[in-house]
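Peer 1: Chains as they are written, first to last, in my numbering: chain R, 1 to 502; chain B, 1 to 153.
The set of hints was computed from the structure by calculation and includes no laboratory data. Be aware that a few hints might be false.
A few chain R residues facing chain B, derived, Cβ under 8 Å [as the list claims (entries may be wrong)]:
{"#": "1", "residue": "177"}
{"#": "2", "residue": "185"}
{"#": "3", "residue": "391"}
{"#": "4", "residue": "456"}
{"#": "5", "residue": "478"}
Quick caveat, the model's predicted, so the values are computed rather than measured. Where is the CB? At the ideal position from N, CA and C, for every residue including glycine.
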Amino acid sequence: MHTLEGLLHGFAIALTFENAMWCFVGVFLGTIIGILPGLGPAATIALLLPLTYDMAPAPGIIMLAGIYYGAKYGGSTTSILLNMPGEASSVATCLDGYQMALKGQAGQALGIAAIASFVAGTVGVIALTLLAPPVAEFALSFSSPEYFALMCLGLSLVVLLGGSSMVKALLALLVGLWLSSIGADIFSVQSRFTFGVATLIDGLDFMVVAIGIFALSEVLATAEQGQDGRLIPVPRGLRNLLPTREQLKACRFAFVNGSVVGFIVGVLPGAGSSVASFISYGIEKAFSRRPELFGHGAPEGVAAPEGANNADTGGALVPLLTLGIPGGGTTAILLSALIIWGVRPGPMMLTDSPDVFWGLVASMYLGNVMLLLLNLPLVPLFAQLLRVPVWLILSIVLGISIVGAFSISQSMLDVWFLAGFGILGYVMAKLRFPAAPLILGFVLGDAMERALRQSLMMSQGDLGILVSRPMSAVMLGCAALIVLLPLLRRLSFPQPSKPVSG
Amino acid sequence: MRVSANTSDILAAVALGALGAYIVRTAIGWDWMTSSGPGPGFFPVLYGGAMIGLALVLLLRASMQVRSSEDEDIWRRSGRSFGLWLVFIAGVALLPIVGYSVVMAVLTLFIATVLYRRSFGRALIAAILVPAGFHLIFVTLLGVELPLGYTGF
Chain R
1 MHTLEGLLHG FAIALTFENA MWCFVGVFLG TIIGILPGLG PAATIALLLP LTYDMAPAPG
61 IIMLAGIYYG AKYGGSTTSI LLNMPGEASS VATCLDGYQM ALKGQAGQAL GIAAIASFVA
121 GTVGVIALTL LAPPVAEFAL SFSSPEYFAL MCLGLSLVVL LGGSSMVKAL LALLVGLWLS
181 SIGADIFSVQ SRFTFGVATL IDGLDFMVVA IGIFALSEVL ATAEQGQDGR LIPVPRGLRN
241 LLPTREQLKA CRFAFVNGSV VGFIVGVLPG AGSSVASFIS YGIEKAFSRR PELFGHGAPE
301 GVAAPEGANN ADTGGALVPL LTLGIPGGGT TAILLSALII WGVRPGPMML TDSPDVFWGL
361 VASMYLGNVM LLLLNLPLVP LFAQLLRVPV WLILSIVLGI SIVGAFSISQ SMLDVWFLAG
421 FGILGYVMAK LRFPAAPLIL GFVLGDAMER ALRQSLMMSQ GDLGILVSRP MSAVMLGCAA
481 LIVLLPLLRR LSFPQPSKPV SG
Chain B
1 MRVSANTSDI LAAVALGALG AYIVRTAIGW DWMTSSGPGP GFFPVLYGGA MIGLALVLLL
61 RASMQVRSSE DEDIWRRSGR SFGLWLVFIA GVALLPIVGY SVVMAVLTLF IATVLYRRSF
121 GRALIAAILV PAGFHLIFVT LLGVELPLGY TGF
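Chain R on its own, in the form it takes in the complex (with noise of 0.2 Å):
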C-alpha cells in the first residue's frame, strides 16, 4: 500500500464515530495524568491493559497511544503551575515555563506549551509516515541473525543512555532477560527457574511486572515526600492563554528546533523525551540572540522542549512499529498490548495489520488538534485536578493496582507478584537503577532467545553466523562499540576516585 493511500485508508479507520472516541478518550485519559502528579503514562497503560483485552486492536491501541502522547502535553501544565514536572520529560519546561508564571504569564506560557506541542506533535506524526514504510521495507531481508543483532543494538542503546550508569543500567536488563525466562522454554517443554510453582509455567505475566515497576514503585517514591504542591492561579478565558505575536515570534525557530530534534531522540531507543527535551533547550539557548533571559521566563525556552517532547512521540513509534523494538518502558509496554491483541509489531505489520497501523498513524493526527482543542480553552479546568490532594491519588491508584493484578486471571498469586515487582521497582530506583532496561529485557527476553537460537540452528550451532552476515556483523558491531567504549574510554583517562554523595 502506497503511503498517501495507506494513511488515507487509515483516516477511513480513524474517523470512525468508534476509534474518534477510543481516540478522545485516550487524548483526554493522558493529558489528566500528565497533569496529575505520581501517575505517569507507562503506569497508566499498564493499569488499564487489562481493561482492554476485549477491544479490537485499531481502537485498543488508538486509545493507549492517546494516553502516551496526550500525557505528554499534560506534563506542561504542572511545570508551568508548581514547578513539579507531571513527567520526566517536562523538567526542562520548568525552567522557563515556572518563571513566566512567576512574572504573571501562566496563560501565555500554558499556551506556548500547548502550540508547541501540537506543532511538533504533527511534524513527528508526519515524520512517521513518511519514515515508517521505507524502514519496514528496508527491515523485510533480516532474518534471525539481523534480528538478534537488531535487538542487541537496541538494548545497547537503551542501556547506553537509560540512566547515569551503564553497569546498572546492564544489570537491569539482564534481570530482565531473566525474569523473561521464567516458564516453559520456548523450544522445549524444559520448565525454567519456576521453584515448582505451577502457575509459572506459563511465565510471569507482564501487566503485573510492568504495573509494579511502574505504577506501584511511582506510589512508593510519591509517598516519601508527604506534601502537595502550591498552585499558580491560571487566568480564565482563551484571550488570557494565548501567547503575544512577539512571543509567537521569538518562538519560530524553537518549533523548528524542538520538532527535529524530537522526532530525531526519539528514534534512538532509551534517549526518551526528556534527553530530547533538555538537548533541544541546550541548542535554543546555544544559538538564542538573548541567552541571558533563558531561565528567567523566555518564552522560547518553553517551547523547545515542550516541542521535542511531543516531536519524540512520532519517533519512538518508528522502530516500534516498523521493527518490534521498542525504544523506552511506555513503547514497551505499547509492544505488549500489540501481541496481546495478535498483532505483531515489526516489518509484516504493515501489510499484514494495515488498518491498525495506518488507523494509529491516522488517529495521531486527530489526537493533536482534540489536544490543541482540549488544552487551550480547557487549561483552567485540568489546573484544578492539581488541587486532588496526593493522598487520595495514591489510594486510587494502589485501588488501580490490585484490581488490575487481579483481574488478569483472578488469582491472588499476580497481587502478591505485584507487590514483590512494586518494591523492587522502589529499590532500583532509589539505587538508581533504571527501570526501562529491565522492562525491555523482559519483553524482549523471549524473541531474542528464540532469534539467536534459530540463528545457531541455521549454522549448525556455528556462532560465527552472527558477524559472517554483513548487517548482522554491523550492528553487533555497533552495539559492542557502544557497551565497550566508555568502559575503554575509563580505562584510558583513569579519573581520580571521588567521594560518594547520594
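Dock chain B against chain R, hints included.
Peer 2: Below, chain B alone, put in the same frame as chain R:
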C-alpha cells in the same frame, strides 16, 4: 542506621552476583547444545555469566570509592514508603479473607491519617467513597471480578 549509596551498591552487587550464580548453576543442569541446536540452558548461562561479571564490576567500583562523612543516606526518607508497602502487604494477605473493599478502606485511612496527617473525619469519608467508587466502576459497570472475601465486598 545510615546506609549510604555506596554501601547500598555493595549490597546490590552481592545480591545480583548471587542471582547470577544461581542462574548459571541451575541452567548448566539443562541441555546446553542438542542435535537440533542450542538447548534451554544456553541463553540463561550466557546472561547469568554476564550478570556475575557485571556484579563483580559494580562491587569493585563501589568498594574502591572513597567514603565521605557527607555521604547522603539515600534511605533517610524511605521509612514512609516501606511502611506503606508493609501495610499494602498486610492488605494483600487479608484480601481473600476480608475482601477488596475493606482492604481499600484501610489502605486509604492509613495513607490519609498516618502518612499525610489528614483529619480522621475527612479520611473516613474517603475510605468509604473510594472503595464504593471502585465497586461501582469495576464490579457493577465493567463486570470485573474482585477478591470479595467473607464479607462479600
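Peer 1: Take the hints in turn and mark each one as holding or not.
Peer 2: Results for each hint:
1. With 8 Å as the threshold, the beta carbon of residue 177 (chain R) comes within range of chain B, its nearest partner Cβ sitting at about 5 Å, so the hint holds.
2. The beta carbon of residue 185 (chain R) is positioned within 8 Å of a beta carbon in chain B (closest approach about 4 Å), and the interface hint is therefore held.
3. At about 4 Å, the closest approach between the beta carbon of residue 391 (chain R) and any beta carbon in chain B falls short of 8 Å, and the interface hint on this residue holds.
4. For residue 456 (chain R), the suggested interface contact is upheld, since its CB lies about 5 Å from the closest CB of chain B, less than 8 Å.
5. The interface hint given for residue 478 (chain R) is violated, since its Cβ lies 19 Å from the closest Cβ of chain B, which is over the 8 Å cut-off.
In summary, the structure is inconsistent with hint 5 from the numbered list given earlier, while agreeing with all the others.
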